[in-house]
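**Q** Residue numbers (full-length UniProt numbering): 1 to 574.
The set of hints was computed from the structure by calculation and includes no laboratory data. All of these numbers come straight from a predicted model, not from anything done at the bench. Worth double-checking, as some hints may not be accurate.
[Unchecked claim] Pairs of lysine to aspartate or glutamate residues, derived as DMTMM-like cross-links and limited to a Cα-Cα distance of at most 20 angstroms, are as follows:
hint, residue 1, residue 2
1, 192, 75
2, 466, 393
3, 277, 239
4, 192, 118
5, 155, 168
6, 386, 371
7, 198, 393
8, 192, 78
9, 276, 326
10, 196, 168
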Amino acid sequence: MAAPSEAPVTRQVSGHAAPAPVPSGPASWQPLAAAVAELPVLDASGRPVLFGELFRERRAIVVFVRHFLCYICKEYVEDLAKIPKSFLQEANVTLIVIGQSSYHHIEPFCKLTGYSHEIYVDPEREIYKRLGMKRGEEIASSDRLCFAILFSRPKSSSNVHYFSIDNELEYENFYADFGPLNLAMVYRYCCKINKKLKSITMMRKKIIHFTGPDQRKQANAAFLVGCYMVIYLGKTPEDAYRILMFGDATYIPFRDAAYGSCNFFITLLDCFYAVKKAMQYGFFNFNSFNLDEYEYYEKAENGDLNWIIPDRFLAFCGPHSRTRLESGYHQHSPEAYIPYFKNHNVTTVIRLNKRMYDAKRFTNAGFDHYDLFFADGSTPTDAIVKEFLDICENAEGAIAVHCKAGLGRTGTLIACYIMKHYRMTATETIAWVRICRPGSVIGPQQQFLMMKQASLWIEGDYFRQKLRGQENGKHRAAVSKLLLAVDDISINGVENQDKQEPELYSDDDEISGVTQGDRLRALKSRRQSKTNAIPLTCSLAVLTSALCSIVIWWIVCDYILPILLFCLDGLRTQ
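Could you build all of it, start to finish, from the sequences and the hints given here?
**A** What follows is the structure in structure tokens.
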């Protein structure tokens, strides 16, 4: 076999001209300084302070953050918090952060980030608007972002910046599964790219995301780049996929989390379509995405739960009679979930596995609780699918669904709802559920969803037609006849009409022995317990990273000193 070429295989992600550099001469910012100097900001007690007072009598570095929920801004402020006050005192510089929020949020934000320097808020955004800052995240397409497959680690230069996430954003596998990466990692990656594109130190550089020879990491790297193109650059799934298929590049497809061989796969294109449709239907919005909450609750010790559709479907691992660590994985009682469920308008709990707790512990707390048992690793019957859909369509609030691990059976039935009501394909739906909750939908459940796609789409069409008829007050009789006819159609389709419905599964069959769900739960719990904390960098490195990676504009007042250094952190001018 011929040795692989070591020449870089690089693809430009987008092709518009890079923005022209912003003038940074001192004189150009004198009018701006005067324009905002008399505007007020508020301190942590709500006391107004004129903005000009922050810099007229001293040298100051002022960092404007978009808002206190912005992950990029939070990350910056966490870095700034690590700068010792003695370091700033020696430099005769005062560090100041200004945010767009209520002054009541200052103290919680400082506790969250560890920031102890000066901080103020501009709740009415008067300074932000006067300086021409836009409220939201906006990334212009440029010719600076590229993707490359390399067989040796390159060195950055004066006009090229290389970076890799191969060892930073890593999939936590169960068995031979290796991706796609979860929604939190997609968010982290997009924030990283946005930060690099906005950095003044890289504004004249090509930014090349490179990956190495490992095919699994190539697939995940391409997945992240493609998601960024779909989410931020407005590319269609086909265009994003076509851009990534450069030269002789090929990507291995993703497989399920089952033990052993696999004969069903999800492609990058499936994933890109899933992300595009999830955006279209409002399944996620990175402007309001709560990274800390996602990463906290997805851990086994904190509940092992994920939203598949926000405010509608929550997948979680099965509760037990009491909270404890058993056989290598964390078990939680129903009471451990009740406060979270009530805070997030969960009104219905559906159990798909054997009885490990008394349902009254949920019903006594005001929840509707349903049992729809079928065997671990198997597929549901027609009756179970129909009952599940009926329950969900009539639920007043969000629905929390669980089996043992909250992966196979749980993901399968939630996928049925998505296919029926959002007309997503089986592969798109599986891809989305796994992006939200890795490891979901296992083994024969994948083929089951493929088989159900057409019939679920038909049911969904009739369902929506019925709603339209009720809303318009027209053609109700015709729709009623259609629905009566549909009631006699098995969701298995015509080919299975003569198939006898099997007996309902008894949960007693699952009591003895260890099942697939037990093994998956144990694997997830054990791997997460091995996570180590990331060490802190030295003060000088933190200072360099924090101050050099943000946009720096010098504003000089009426005389040379004092100097005000504006850091427009993560913001773009008009």
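**Q** Hint by hint, note whether the structure agrees.
**A** Hints and how they fare:
1. 192 - 75: holds (11 angstroms)
2. 466 - 393: With Cα atoms ~13 angstroms apart, residue 466 and residue 393 stay inside 20 angstroms; holds.
3. 277 - 239: The given pair, whose Cα atoms are some 15 angstroms apart, holds under the 20 angstroms limit.
4. 192 - 118: violated (26 angstroms)
5. 155 - 168: OK: residue 155 and residue 168 at ~18 angstroms, within 20 angstroms.
6. 386 - 371: holds (13 angstroms)
7. 198 - 393: Status violated; Cα separation ~44 angstroms.
8. 192 - 78: holds (15 angstroms)
9. 276 - 326: violated (40 angstroms)
10. 196 - 168: holds (16 angstroms)
Hints 4, 7 and 9 from the list above are not met by this structure, while the remaining hints are.
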